[in-house]
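Trainee: In case you want the letters, here they are:
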Amino acid sequence: MTRSAIQLLLVLFVVGLSAFAYDWYYRKPARDERNRSFRVNKVNYPDAPISYESFA
Amino acid sequence: MNLSLNIPMVARSHSDFKPTDIARHQAAADYLSATYGTQIEQACRLNTVPDYLLKATLLTENEDAKPDSVNFKGAVGLGQIKPFVGLDMLALANTKKLLTDEKKAVFRKKLGSQLDKILKVDDTSVFKDSAWQAIILPALKDPEFNTMLAALTLSLFIREHSASGLLRCDYVEARYNQGYYLLSSRKIAKTLTTDELIDAVPAEAKNYILKVCGRNGWLDILT
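Chains as they are written, first to last, in UniProt numbering: chain W, 1 to 56; chain C, 1 to 223.
Hints may be right or wrong, so weigh each one.
As the list claims (entries may be wrong) - Derived, one-sided and incomplete: chain C residues facing chain W with beta-carbon distance under 10 Å: (1) Ser4; (2) Asn6; (3) Pro8; (4) His14; (5) Pro50; (6) Tyr52; (7) Lys96; (8) Arg108; (9) Gly112; (10) Thr124; (11) Ser125.
Said to hold, decoys possible - Over the 12 Å line for every Cβ pair with chain C, so calculated as not near, a few chain W residues: (12) Met1; (13) Ser4; (14) Gln7; (15) Leu8; (16) Leu10; (17) Leu12; (18) Val40; (19) Val43; (20) Ile50; (21) Ser54; (22) Phe55.
Worth flagging that the hints you see were computed from the coordinates, not collected in a lab. Treat the numbers as computed from the prediction; the structure is a model and nothing was measured. A virtual CB, placed ideally from N, CA and C, is assigned to each residue, including glycine.
Please construct the entire structure, taking both the sequences and the accompanying hints into account.
Mentor: Next up, the structure:
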C-alpha cells in the first residue's frame, strides 16, 4: 500500500469518526426521544383496602 | 425504547379522588380535551409524551383549564409554569439537545428573537431577574406555548426516570411539582418505591403524586 493510500484511509477514518461523534452528541437525544413508545399496565390491588389520604 | 407504565402506581388514593369524584373528574378531562385537544396533540407529538400523562399533569395543575390563571406563587397558565422555571427549562432542554427546530418554531411564535437570547444564556441564575421573566410571562398564558413547555418539561423527566424500561410517573410528577432540582436539593435517590418517594417529598408533592398516580387518580381515569 502506498503512503498516499494510507493517508487517504486515515483521513476517511477521522472524517467517519467525527461524523459519528457529531451524530451521537447532537442528534441522538432527539432521536431517542422520537423512538420511545409507551405501554400501560393496569394494576389491581385486590388485597389492599383503599385508603384515602391528603397531606397538609 | 418501549416504556411500561404501571397505573395506578400505589394502592392509596387522594381524598379528593373517591369513586364518587370520578364523574366530575371525567367531565374536567373531557373539557380539557375538547378545548385544547389540538395544542395537547401537537405538544405530545413533538415531545413524544403520552397524551394521558400531559393531560393528567395539566388537570392536576389547573383543573378548570383556564389558560390565563396565575396562582399565588406566580405559576401561570394551563400547566401552571413559573416564569423562572419556564426560562430554565428552555435553556436546559437546549443544553440536552432536545430543543428541535420544530419545537423552537412553536416557542418562537410567541417569543420571536427573544428565544435565541434565552438560549444563549450561560448562567441561568439571571432568569431570577424580573426583566427576564417579563419576556416569557405573556407567552405562558398562551395554550399552545404553555402546553408545549409543559410537555418539554415532562420529556426531560421521562428521560431521567425510565432507565429500566419502566416509566416512573411518580418521580416525573413530583419533579414537575417541586422543580427540576428536587432530587439533588433533598438528596433523594432515584430508586425509591412510590410509597418511599411519597414519604420523602414535601406535603404538596405527596398530594400531587397521589392525585396523578394513585387509585382513581388522573392517570387511572385517563387510561
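Trainee: Are there hints from earlier that the structure breaks, and if so, what are their numbers?
Mentor: Numbers 8, 9, 10, 11, 18, 19, 20, 21 and 22, in rising order.
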